[in-house]
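Participant: Single-letter residue listing:
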Amino acid sequence: MTRLLASSFAVLLLLATQAPQYAQAHGGVVEEEDLCVIKVNYLRGHFKIYQPLIDGHNEYCEDLPNATETVFVMEYLHDSLGEAAVDFRIIRDVTGKGRFARWEDVAEIDDLEAVTILYREPTVDPDVLTVIHDFKEEGDFIGIVTANVDGDQKIYRAVFPFEVGYTGLGYWPFFILLLLAIQLQYFFMSGRFKRWRENRAAAAVVALLLLCAPISGALADEWVSSRGVYTVSFESSLEPIEINQIHAWILHITSDGEPVTGASLAGSGGMPAHDHGMPTRPRVTAELGNGHYRLEGMRFHMGGDWEVSIEIKANGRTDTVVMTLAL
Amino acid sequence: MNRSTGTYWLVVVITVAALVAVSENWPPDTDKWSDADVAVLRTLWIGSLGVLPPDPTNAVANDPRASELGHALFFDTRLSPSGTIACATCHRPELRFTDGMQKGRGVGQSKRNTPSIVGVAYSPWQYWDGRRDSQWAQALSPIEDAAEHGGNREHAVSAVTANDEFRQQYEAIFGLLPEPGDARGTDTAFANIGKAIAAYERLIMPGPSRFDHYVEAVLSGVEEQTLYSADEIAGLRLYIGKAACTQCHNGPLLTNYEFHNTGVLSFPGEVPDKGRAAGVRQVLADPFNCRGEFSDAADRSCAELEFARSGYEVLGAFRTPSLRNLEDTEPYMHKGQMFTLAEVLAHYNEAPLSMIGHNEAKPLGLNAVELMQLEAFLETLAAPLATDEKWLRPPGE
Chain Y
1 MTRLLASSFA VLLLLATQAP QYAQAHGGVV EEEDLCVIKV NYLRGHFKIY QPLIDGHNEY
61 CEDLPNATET VFVMEYLHDS LGEAAVDFRI IRDVTGKGRF ARWEDVAEID DLEAVTILYR
121 EPTVDPDVLT VIHDFKEEGD FIGIVTANVD GDQKIYRAVF PFEVGYTGLG YWPFFILLLL
181 AIQLQYFFMS GRFKRWRENR AAAAVVALLL LCAPISGALA DEWVSSRGVY TVSFESSLEP
241 IEINQIHAWI LHITSDGEPV TGASLAGSGG MPAHDHGMPT RPRVTAELGN GHYRLEGMRF
301 HMGGDWEVSI EIKANGRTDT VVMTLAL
Chain S
1 MNRSTGTYWL VVVITVAALV AVSENWPPDT DKWSDADVAV LRTLWIGSLG VLPPDPTNAV
61 ANDPRASELG HALFFDTRLS PSGTIACATC HRPELRFTDG MQKGRGVGQS KRNTPSIVGV
121 AYSPWQYWDG RRDSQWAQAL SPIEDAAEHG GNREHAVSAV TANDEFRQQY EAIFGLLPEP
181 GDARGTDTAF ANIGKAIAAY ERLIMPGPSR FDHYVEAVLS GVEEQTLYSA DEIAGLRLYI
241 GKAACTQCHN GPLLTNYEFH NTGVLSFPGE VPDKGRAAGV RQVLADPFNC RGEFSDAADR
301 SCAELEFARS GYEVLGAFRT PSLRNLEDTE PYMHKGQMFT LAEVLAHYNE APLSMIGHNE
361 AKPLGLNAVE LMQLEAFLET LAAPLATDEK WLRPPGE
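Taken in sequence, the protein lines are chains Y and S. My numbering puts the first sequence at residues 1 to 327. My numbering puts the second sequence at residues 1 to 397.
Just chain Y, with the same shape it has in the complex (with noise of 0.2 Å):
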């Protein structure tokens, strides 16, 4: 009786470590560093799935424990997914592939439209995609999505199994597994996603930030660049400074004691300590001789330490200066 209950258990551990290998191995999408992965061909966006009503805020990455209104997020870390017509279609497995199912699989499905459950038209969704299903019964289901990048010229697909319902014992393991990863990924994605992007996009400026906050803190009313070539202050036509007012400042630029002239200058602000930026794209809209420059656009929208970062580029030197004010 124990061995029964020992080699039991031992096949359930088998079937539960077994389980994860599985998921990696759903076609289109795939997780990477805590972060669900679709990728329609090279083409990658961050993919998510809520049912909401069940569920609230839990995110899935493909199979989904209830049949019942679901939400599909794909929010894209290429720029292409945003000018791309993509198109959306969920199908019955008919493949007998099940997780294994493939693009090929699904073109050789004679009546597509017979085992389609939804098909979204083409539509380009410059922000985000997200497509909504209720869905009637548990099952096995195919998921593509279909980007058109530039014009029909090229094709591009992702085709994800994932299964809706769990039902047998067999799949318990699998499942308790399942909501367990979920919930550390949960636990873990909190920051991730944010930092992942921002690490692709934006190291370098996170990384000179960081280099610059120390010295910029020192001083009052004058800030010097990272690396010690400009001499930047400012005076602002508000003040002293408001929450919530548009406004603009005239930027003073030296370079050892001389004023800076002709310089191209590129400026972005926000808050450090709450992940987020000025709620303004501020620019640089006039040069007015003598060092002096208009940055029009200012507006900070609540009380706290504030960043303001400026890439100066001048007579072939760029640095960049950070100056801080706290509102």
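Everything labelled a hint here was simulated from the structure, so no lab data went into it. Among the clues, some could well be false.
Unchecked claim - Cβ pair distances, simulated, as ranges: (1) Y:Ile155 to S:Glu379: 55 to 65 Å; (2) S:Gly269 to Y:Glu138: 41 to 51 Å; (3) Y:Gln183 to S:Ser82: 46 to 56 Å.
Stated by the list, open to error - Over the 10 Å line for every Cβ pair with chain S, so calculated as not near, a few chain Y residues: (4) Glu31; (5) Asn41; (6) Lys48; (7) Pro52; (8) Glu59; (9) Tyr119; (10) Asp127; (11) Asp140; (12) Val229; (13) Ser264; (14) Met278; (15) Pro282; (16) Thr318.
Being a predicted model, the structure only gives us computed values, none of them experimental. We put the CB at the ideal spot given by N, CA and C, even for glycine.
Dock chain S against the given chain Y, drawing on the hints supplied.
Facilitator: Here is chain S on its own, set in the frame of chain Y:
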């Protein structure tokens, strides 16, 4: 003195010192605010609300004749072809110009929760997603929305033309109404209808609440006050401190009128709302915006439009509503997803990951008592409007 006597005296001295220390702070003096706190409280006080800024895009914004006409149009159902819907159908004065429903209902089901218009003359943006940049441009949209007034500009202009009183009022302010079939003239007259309605809406302002009276007491250095209970004071402390509410609900209207993603769950049966990411595209394309030919702004730089942020950062972001309208404006959030303040506070306390975009809020770690105190404070923001009663009824009633 032997060792045990020494220990004995040491214990006595420590106990007495501890008792003295405790008695000085007992009962805990929750009414003491630091200078920094007082400075923050002053920024939230309604007395810090500056004079209403001009609306350069609307030449009749402060014209009392336009306010009178706008007042009449706001309550008039003839602007809708069905003769059943007025602005006031959804913006009900007795509910602080909201309707008590999850989503507005005109001739059909509208897409979002009806926002209050109290104090929004201070806002650079209108609607939950800021898809309009002035009150008058906003006032035009429902008239042509198939789910709201269900009409169009031709109908609205002809409704004004057909009514002798409206016609006289209109022409005294704006000049002659257009002939039927004059498309350009109709567009201009339509814009003018919006400008008159905006001139009325600008008058709807919040009044001082118990919170403001409490701040006045603090600012004038009153030591003993009876305006706030200990729980309400604790709630206010959380509001400006641990609960981080003033990150967005700041300034005298308790809103920064900016766009934030706070991870509110999608509405049942709908995909998550893109919010500002879509709204910013709409306001830039709106022919009635600050830069458009119907705007009266002499300065066409229109800084708010020029420097508006777009893209992923504002995906799923919605305009911070004023907390001065909490009373009578439930259900809350952009689709009325939450019915009670307790639900709202529990949501911010948890700060779940957003379905789309990035939830800016962080989990707060407030306990049940703190949540109750915060709610007790929020309830002190209730106050009657500062607007003359006559504007809160249809004209002549």
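Participant: Work down the list of hints and note, for each, if the structure agrees.
Facilitator: Status of each hint after checking the structure:
One distance hint, 55 to 65 Å for the beta-carbon pair Ile155 (chain Y) and Glu379 (chain S), holds here, with the actual separation near 58 Å. As the Cβ distance of Gly269 (chain S) to Glu138 (chain Y) is approximately 20 Å, the hint placing it in 41 to 51 Å is violated. For Gln183 (chain Y) paired with Ser82 (chain S), a C-beta distance near 52 Å keeps the hint of 46 to 56 Å intact. Consistency note on Glu31 (chain Y): stated as away from chain S, and its beta-carbon is indeed over 10 Å from all of that chain's, at 16 Å minimum.
With a cut of 10 Å on Cβ distances, Asn41 (chain Y) stays outside the contact zone with chain S, its closest approach being about 22 Å. Separation of Lys48 (chain Y) from chain S is inadequate, the least Cβ-Cβ distance of about 7 Å not exceeding the 10 Å criterion. Not every C-beta of chain S lies more than 10 Å from that of Pro52 (chain Y), the closest at about 5 Å, which undercuts listing it as non-interface. Against the 10 Å criterion, Glu59 (chain Y) falls within the reach of chain S, whose nearest CB is about 7 Å from its own CB.
Residue placement check: Tyr119 (chain Y) keeps its beta carbon more than 10 Å from all beta carbons of chain S (closest about 15 Å). Under the 10 Å C-beta cut-off, the non-interface status given to Asp127 (chain Y) relative to chain S is violated; the minimum distance is some 5 Å. Annotated as non-interface, Asp140 (chain Y) keeps its C-beta farther than 10 Å from every C-beta of chain S; the closest such distance is 24 Å. No Cβ of chain S comes within 10 Å of the Cβ of Val229 (chain Y); the nearest lies about 27 Å off, and the non-interface call holds.
With a closest Cβ-Cβ approach of about 18 Å to chain S, Ser264 (chain Y) is found to remain outside the 10 Å limit, as its non-interface label requires. A Cβ of chain S approaches the Cβ of Met278 (chain Y) within 10 Å, the least distance being about 7 Å, so the stated non-interface status is violated. Once the 10 Å rule is applied to beta carbons, Pro282 (chain Y) is inconsistent with being away from chain S; the minimum gap is 6 Å. Look at Thr318 (chain Y): its CB is around 24 Å from the nearest CB on chain S, clear of 10 Å, so calling it non-interface holds up.
Against the hints set out earlier in the document, violations occur for numbers 2, 6, 7, 8, 10, 14 and 15.
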